[in-house]
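Chemist: Residues per chain, in single letters:
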Amino acid sequence: MFGMLDISTSALVAQRTRLDAIAANLANADVKVDPNSPNAFSERVVEFATGDPESGDPMGVHVAAITPRKAFRSVQAPNDPSHDANGNVWYPNIDPVTQQANAMVASRAYDANLAAIDATKAMFDAALRIIA
Amino acid sequence: MPTWQCVDWQLNPDFTGRNARIAAQRNETVMIDPLGIVSRVSTQSPGVARPQPAGAADFKQELLDELRKVNEMQQDASKATNDLMTGQRDDIEGVMIATQKADSAFRMLVALQNKVVGAYDEVKNIRV
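Residue numbers (my numbering), protein chains in the order written: chain A, 1 to 132; chain B, 133 to 260.
These are calculated hints, taken from the structure and not from any lab test.
Errors might be hidden in some of the hints.
Straight-line C-alpha distance at most 25 Å; calculated DMTMM-like pairs for lysine to aspartate or glutamate [claimed, not checked]:
#1 A:121 <-> B:198
#2 A:121 <-> A:6
#3 A:70 <-> A:84
#4 B:211 <-> A:54
#5 B:201 <-> A:57
#6 B:201 <-> A:95
#7 B:211 <-> A:57
#8 B:201 <-> A:6
#9 B:211 <-> B:198
#10 A:121 <-> B:253
#11 A:121 <-> B:235
#12 B:247 <-> A:47
#13 B:201 <-> B:254
#14 A:121 <-> B:208
#15 A:70 <-> A:95
#16 A:70 <-> A:54
#17 B:256 <-> B:235
#18 A:32 <-> A:80
Away from chain A, derived, C-beta distances all over 12 Å, residues of chain B [said to hold, decoys possible]:
#19 193
#20 196
#21 210
#22 219
#23 223
#24 256
#25 260
All residues carry an ideal CB built from backbone N, CA and C; glycine is no exception.
Bound-form chain A, shown alone (with noise of 0.2 Å):
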């Protein structure tokens, strides 16, 4: 009888567990980091996939993977303590401006989600009134 709220019920944590990659993501926009080493922090990208494991509707979504992009760039500084043989310093590739964007994204797609469990309990309690 409540499937439908499971489905939105995926998407709402879906769509959070994206948010906090790009909370993630932004938050360690300005760390210096190794890009030699394989834990090196690079912009986390979540990537979804439909069915939802925990309710095991086939209509929800679940977050299939999170992985790191592995991109880096470089800023000359020789005077920096940590720059390598080239006189550079690394931090992860993340752009902000794009971070910022796919936040709004995803609080669009929370809000989206939660105005269809709005709807649907409003269809709820109006088949309620037949009876009530």
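Go by the hints and put chain B onto chain A.
Modeler: Then chain B, alone, in the frame of chain A:
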């Protein structure tokens, strides 16, 4: 005298015996239960389900199942809220939806109950 004869007719053992025989010949249950409502119910042994058309679900069983489901939903919602408060889960959406589900299901059950009680009142107010 006609009046004396009339009393005699009523008190005559022959006539009263005839009245008793007539009463005995009649089915007593029909007299006290002209519509057959009581006898139809009492002839069934308790606990035996009434014959139902095939495919019809037992209303009582349906209602009990529904009650159990609503109870489970409320326990789920309560547990989800507790887990959120104690930090054992962090998906506020799932908790809110569990609460919403329990609320909607409970309101559905209350509406059903009001409907059943309304039907009972309707029957109760029938003049006999």
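Chemist: Next, verify each hint and record whether it holds.
Modeler: Structure-based check of each hint:
no. : hint            : in the structure
1   : A:121 <-> B:198 : 20 Å, holds
2   : A:121 <-> A:6   : 12 Å, holds
3   : A:70 <-> A:84   : 18 Å, holds
4   : B:211 <-> A:54  : 17 Å, holds
5   : B:201 <-> A:57  : 19 Å, holds
6   : B:201 <-> A:95  : 50 Å, violated
7   : B:211 <-> A:57  : 22 Å, holds
8   : B:201 <-> A:6   : 17 Å, holds
9   : B:211 <-> B:198 : 20 Å, holds
10  : A:121 <-> B:253 : 31 Å, violated
11  : A:121 <-> B:235 : 11 Å, holds
12  : B:247 <-> A:47  : 48 Å, violated
13  : B:201 <-> B:254 : 28 Å, violated
14  : A:121 <-> B:208 : 19 Å, holds
15  : A:70 <-> A:95   : 14 Å, holds
16  : A:70 <-> A:54   : 30 Å, violated
17  : B:256 <-> B:235 : 31 Å, violated
18  : A:32 <-> A:80   : 11 Å, holds
19  : 193             : 18 Å, holds
20  : 196             : 17 Å, holds
21  : 210             : 17 Å, holds
22  : 219             : 17 Å, holds
23  : 223             : 6 Å, violated
24  : 256             : 20 Å, holds
25  : 260             : 28 Å, holds
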